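Make the full structure from the sequences, and use the hints.
In order, the protein sequence lines correspond to chains F and H.
Position 178 of the first sequence, counted from 1, bears residue number 178 in full-length UniProt numbering, the numbering being contiguous throughout.
Position 322 of the second sequence, counted from 1, bears residue number 322 in full-length UniProt numbering, the numbering being contiguous throughout.
Since the hints were derived computationally from the structure, they do not count as laboratory data.
Keep in mind the model is a prediction, meaning the values are calculated, not measured.
One should not assume that every hint holds.
Selected chain H positions facing chain F (in silico; Cβ < 7 angstroms) [as the list claims (entries may be wrong)]:
no.: 1; residue: 68
no.: 2; residue: 69
no.: 3; residue: 75
no.: 4; residue: 77
no.: 5; residue: 85
no.: 6; residue: 89
no.: 7; residue: 91
no.: 8; residue: 92
no.: 9; residue: 95
no.: 10; residue: 99
no.: 11; residue: 311
no.: 12; residue: 314
no.: 13; residue: 317
no.: 14; residue: 319
no.: 15; residue: 320
Label-pair restraints from in silico Cβ distances [to be verified]:
no.: 16; chain 1: H; residue 1: 197; chain 2: F; residue 2: 224; range: 30 to 40 angstroms
no.: 17; chain 1: H; residue 1: 231; chain 2: F; residue 2: 132; range: 38 to 48 angstroms
no.: 18; chain 1: F; residue 1: 128; chain 2: H; residue 2: 111; range: 28 to 38 angstroms
no.: 19; chain 1: H; residue 1: 133; chain 2: F; residue 2: 67; range: 26 to 36 angstroms
For glycine and all other residues, C-beta sits at the position ideal for the given N, C-alpha and C.
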Amino acid sequence: MTDPKKDLLYRLADDQLILGHRNSEWNGLGPILEEDIAFSSMAQDKLGHALQLYSLLHELGEAEPDTVAFTRNAAQFHCSQLVELPIGDYAFSLMRHFLFDHAELLRFEALAASSYEPLAQVARKLKGELKYHVLHANTWIRQLGTSTEEALEKLQAALDLTLPYALGLFEKTEAEPAIIAEGLFIGEDVLRAQWLENISRVLNQTQLELPDLSAITPVGGGRHGEHTEFLQPLLDEMAEVFRLDPTADW
Amino acid sequence: MYGSVSTHDIPAQATTGLENEDPQQLAEFEARIARGEKIEPDDYMPALYRKQLIRMIEQHAHSEIIGSLPEGTWITRAPGFRRKMAQMAKVQDEVGHAQLLYSAAETLGKSREDMLTDLINGKSKYSNVFNYPTPTWADSNAISWLIDAGAIVNQMANARGSYGPYCRALERICAEESFHLKYGHDAVVHMATGTPIQRRMMQEALNRWWPPIMTFFGPADKASQHTEILMRWKVKMASNDDCRQQFLDMYVPKILEIGLTIPDPNLRKNEETGKWEYTEPDWEELRRVINGDGPCNQERLAVRRAAEENGAWVRRALQAKRQAPKAVRPLA
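Below you can see the structure in the form of structure tokens.
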């Protein structure tokens with residue numbers, strides 16, 4: 001993919017779609033009803049974000065949002081591997097939500113100043129919603145991250161597990177120099193530095209420890225179509241009904 | 001989403017509990033209800049009234065969270081963005097209803113934790129329809145439209161009942177359910193008037209769901225235990241058969257209008273009596289399913305139980321925070 005706009009949009013949209021899908025799996029399984037509801041709200045937002053971003057791609061000549069979302073295979077997806085991992089236990093999903101949405105809020109705040117005006121407009125709207133996602137994550141990380149031994153153990157394990165994948169959010173593509181040069185986006189390195197500052201600030205208010213990032217190898221590949229074994233089954237499930245009758249209007 | 005199942009059957013000896021009530025207070029209580037006043041949490045109420053309401057609201061709440069499961073499993077498979085987002089929002093509403101209802105039941109003195117424990121232990125019930133499977137997307141649509149339609153019939157009646165917090169919760173719930181009805185109808189219409197594959201899927205789903213829908217409102221009145229006192233106290237507002245008749249009046253024409261066939265050769269409206277006649281539902285099966293022997297009882301409760309167990313550490317952590325002493329500033 002050479003068009004820097006499309007390269008950027010696919011990464012943004014695929015992350016939102018796949019995490020939205022994963023978060024929706026919490027229906028009926030949350031530790032308290034209020035969390036079922038919160039995860040569902042965030043999932044709905046993320047699906048909405050994905051739809052808006054795929055619509056921008058459609059304006060750039062790509063297929064309809066439903067076709068793009070429901071008919072590609074895993075190798076054609078550009079999401080990070082972080083978002084495709086199964087929901088695991090609540091500690092894992094909460095930690096992924098915390099690490100992902102901090103990056104996402106900063107990403108869309110920066111995109112609000114993009115030289116690509118249609119994306120800047122979408123970003124200005126989305127960042128308002130993402131602020132609440134971050135607020136939700138921070139509240140729970142602070143609460144549980146200063147509570148029982150049991151909770152600390154689970155959250156620390158989740159942090160250690162998710163961090164290498166979270167660093168994969170900032171994996172660059174070949175289009176990165178053009179994306180920065182054209183003023184589409186500030187670039188992954190700048191974003192990563194801001195993200196680290198923000199998550200560290202919250203984690204410092206808890207008894208959790210941020211591992212030494214220099215000792216961690218980021219798990220990349222997702223931006224280039226290399227995915228975990230979990231993505232294709234997710235996509236198969238997502239398209240199960242859609243594919244029953246491709247001519248149908250559901 | 002809720003039908004009246006085993007909610008209203010007071011054990012025969014239970015009315016004897018009234019002997020312990022102060023006759024004057026009881027008379028005033030009944031007079032208030034007769035005047036159409038609402039009973040509020042701090043007001044006097046007979047123990048039997050409290051017990052029946054807890055049972056009824058709790059079962060309704062359970063029906064909402066268990067009811068979110070059969071449709072919830074289709075969120076990840078809903079075809080296209082529009083359906084995926086709407087299905088998610090719809091199911092989320094059902095969980096929100098449970099939250100509202102548990103809170104209404106808590107005003108009567110039973111905690112949410114205790115209610116959920118009774119649910120997973122099988123001590124308290126939920127609507128029997130959710131013990132049937134949803135093998136296809138069309139089954140989920142059938143629930144969204146017709147079970148929600150049945151629930152509205154039931155809940156609109158109960159919203160005119162006597163207990164204030166329950167009535168207010170039901171008003172809010174019915175407002176949301178009416179959106180579900182539109183959503184479900186839209187989804188069913190798309191299927192029933194769609195491609196041959198869609199039409200076949202929808203008809204087969206209706207065939208599967210018609211018997212549970214007919215039992216959704218509970219046993220026939222002639223088989224129900226006498227509930228005169230619950231009607232007088234405005235705990236029970238409409239009879240099972242009345243609800244069933246009202247549902248058939250409203251929805252049979254709509255189902256036929258979109259080209260679906262109702263799988264009951266005996267279903268017809270008797271013009272003389274103005275009543276629907278239908279094949280007698282299998283009440284024995286209803287009893288069996290309510291008592292735990294339906295196709296999905298074990299699965300539904302297992303999901304809920306796993307959710308409770310897996311989330312227990314979060315609730316323990318929150319509880320510990322609540323009990324932790326406030327930090328004390330050292331004097332020196």
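Hints, one by one, checked against the model:
no., hint, in the structure
1, 68, "5 angstroms, holds"
2, 69, "5 angstroms, holds"
3, 75, "5 angstroms, holds"
4, 77, "5 angstroms, holds"
5, 85, "5 angstroms, holds"
6, 89, "6 angstroms, holds"
7, 91, "6 angstroms, holds"
8, 92, "4 angstroms, holds"
9, 95, "5 angstroms, holds"
10, 99, "5 angstroms, holds"
11, 311, "3 angstroms, holds"
12, 314, "4 angstroms, holds"
13, 317, "4 angstroms, holds"
14, 319, "9 angstroms, violated"
15, 320, "5 angstroms, holds"
16, 197/H to 224/F: 30 to 40 angstroms, "37 angstroms, holds"
17, 231/H to 132/F: 38 to 48 angstroms, "46 angstroms, holds"
18, 128/F to 111/H: 28 to 38 angstroms, "37 angstroms, holds"
19, 133/H to 67/F: 26 to 36 angstroms, "31 angstroms, holds"
Hint 14 from the list above is the single one not met by this structure.
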